[in-house]
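Student: Sequence:
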Amino acid sequence: MSALNAIPAEYAGRRYHAYNDWVKRTHGGRLQKISIDAGFTCPNRDGVLGQGGCSFCNNEGFTPSYLREQVLLADQIDTGLSFMRRRYPETKQFLAYFQAYSNTYGDLDHLKAIYAEALNHPEIGGLVIGTRPDCLPDEVLDHLASLARSKTIELEIGIESCSDAVLAECLRGHDFACTQDAIRRAATRGLFLTGHLLLGLPGETRESLLAGARQLSRLPLDALKFHQLQIVRHTRLAIQYQRAPESVPLLEPGLYLDRVIDMLELLPSSIKVQRLGSEVPPRLRLSPDWGMRLSAFPKRLDVRLAERETWQGRLFSKPLDA
15 MSALNAIPAE YAGRRYHAYN DWVKRTHGGR LQKISIDAGF TCPNRDGVLG
65 QGGCSFCNNE GFTPSYLREQ VLLADQIDTG LSFMRRRYPE TKQFLAYFQA
115 YSNTYGDLDH LKAIYAEALN HPEIGGLVIG TRPDCLPDEV LDHLASLARS
165 KTIELEIGIE SCSDAVLAEC LRGHDFACTQ DAIRRAATRG LFLTGHLLLG
215 LPGETRESLL AGARQLSRLP LDALKFHQLQ IVRHTRLAIQ YQRAPESVPL
265 LEPGLYLDRV IDMLELLPSS IKVQRLGSEV PPRLRLSPDW GMRLSAFPKR
315 LDVRLAERET WQGRLFSKPL DA
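The numbering of the sequence shown is this note's numbering, which starts it at 15 and goes up by one.
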């Protein structure tokens, strides 16, 4: 059998399973996230686990400009809709994206009220909720499952790394067992699950990434987001980098794409690739400056996959106990 024939049909001419292609097949058009900030924090900032957050974290680096002057959720949504309608007029459905910090961390009644406020907006058809794996008690998952009966609900879990040593190094405050438990409990409720990965963290190696990919391949994930480590100003990692740059070896674009491919080869075709990188605003980014836009990543990934004569799932092996 040729390599081309071995590539699954759902890849739609690519060498990996793109989330956007899957969305068009299953939803009939584009799903567009509208980022909102509901004022959440996280246990790694409020003193429950620690203060100051993870070593790499400064949420301002990923906050759209339209959120900086808005307070009310409805105003944030309206401003985001105005921007996204112009940019993506073909959008089929808009989703409110609770992105900043841990958006399941809080009293259940408060969470219900916040989610309901967003869903009550006439142009919002669902929610995307970003959070930490240690902020997903069963009662919150049960509520999200009840919402998912009539709305599009996606849960985005910050995995970051599958290595306990790397998680400890970046002051994450939980281990990978916690992540596995949260993913499995959420999956039993039928929620659409996206994992967020950060490649290039201090202490990470190619071997630890491959070991992590094998572990992820056995979890009930629907999608993954890949991000390259960027040194964001006003973080602990920025202080470390400025004092000793050699202690934070940053990935170059070519090596980063090869690391993504190394992982994709081990992942099942059922996992959709939702994101391939991120862009921190230059005013906040200390390093690296790749000199390329995020929109160039998908094409570069396909080219590199072809050069290596490989594709997502080529080395995936189904576990014997599956």
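Hints may be right or wrong, so weigh each one.
Only pairs whose alpha carbons sit at most 25 Å apart, straight line, appear in this in silico PhoX-like list of lysine-lysine [as the list claims (entries may be wrong)]:
#1 K126 to K38
#2 K47 to K332
#3 K165 to K106
#4 K47 to K165
Label pairs and their calculated CB-CB ranges [what the hints assert, rightly or not]:
#5 R232 to M306: 41 to 49 Å
#6 G64 to S222: 20 to 28 Å
#7 P259 to S222: 42 to 50 Å
#8 P267 to H41: 26 to 34 Å
#9 P302 to R100: 27 to 35 Å
#10 L133 to G64: 31 to 39 Å
#11 I253 to T55: 15 to 23 Å
Read the hints as simulated data drawn from the structure, not as lab findings. Virtual Cβ for every residue (Gly too), placed ideally from N, Cα, C.
Student: Regarding the pair K47 and K332, is the alpha-carbon distance no greater than 25 Å?
Tutor: Outside the cut-off at roughly 33 Å; violated.
Student: Is it true that G64 and S222 lie within 20 to 28 Å of each other by Cβ?
Tutor: This hint holds: roughly 23 Å between Cβ atoms.
Student: Please verify whether K165 and K106 have alpha carbons no more than 25 Å apart.
Tutor: At roughly 14 Å apart (the allowed maximum being 25 Å), K106 and K165 satisfy the hint.
Student: Measure nothing beyond the straight line between the CA atoms of K126 and K38; if it is 25 Å or shorter, mark the hint as holding.
Tutor: Outside the cut-off at roughly 30 Å; violated.
Student: Starting from the hint 31 to 39 Å, judge whether the C-beta atoms of L133 and G64 obey it.
Tutor: Given a distance of about 32 Å, which is inside 31 to 39 Å, the answer is holds.
Student: Can you let me know if the beta-carbon spacing of P302 and R100 is within 27 to 35 Å?
Tutor: Hint holds: Cβ distance 31 Å, inside 27 to 35 Å.
Student: Using the C-beta atoms of I253 and T55, is the stated range 15 to 23 Å upheld?
Tutor: Given range 15 to 23 Å: holds, Cβ gap about 21 Å.
Student: Does the Cβ pair P259, S222 satisfy 42 to 50 Å?
Tutor: violated (21 Å)
Student: At the C-beta level, are R232 and M306 separated by a distance inside 41 to 49 Å?
Tutor: violated (33 Å)
Student: Checking one constraint from the list: CA of K47 to CA of K165, max 25 Å. Satisfied?
Tutor: holds (14 Å)
Student: Within 26 to 34 Å: is that where the Cβ-Cβ distance between P267 and H41 falls?
Tutor: Given a distance of about 31 Å, which is inside 26 to 34 Å, the answer is holds.
When the structure is compared with the earlier hints, violations turn up for hints 1, 2, 5, 7 and for no others.
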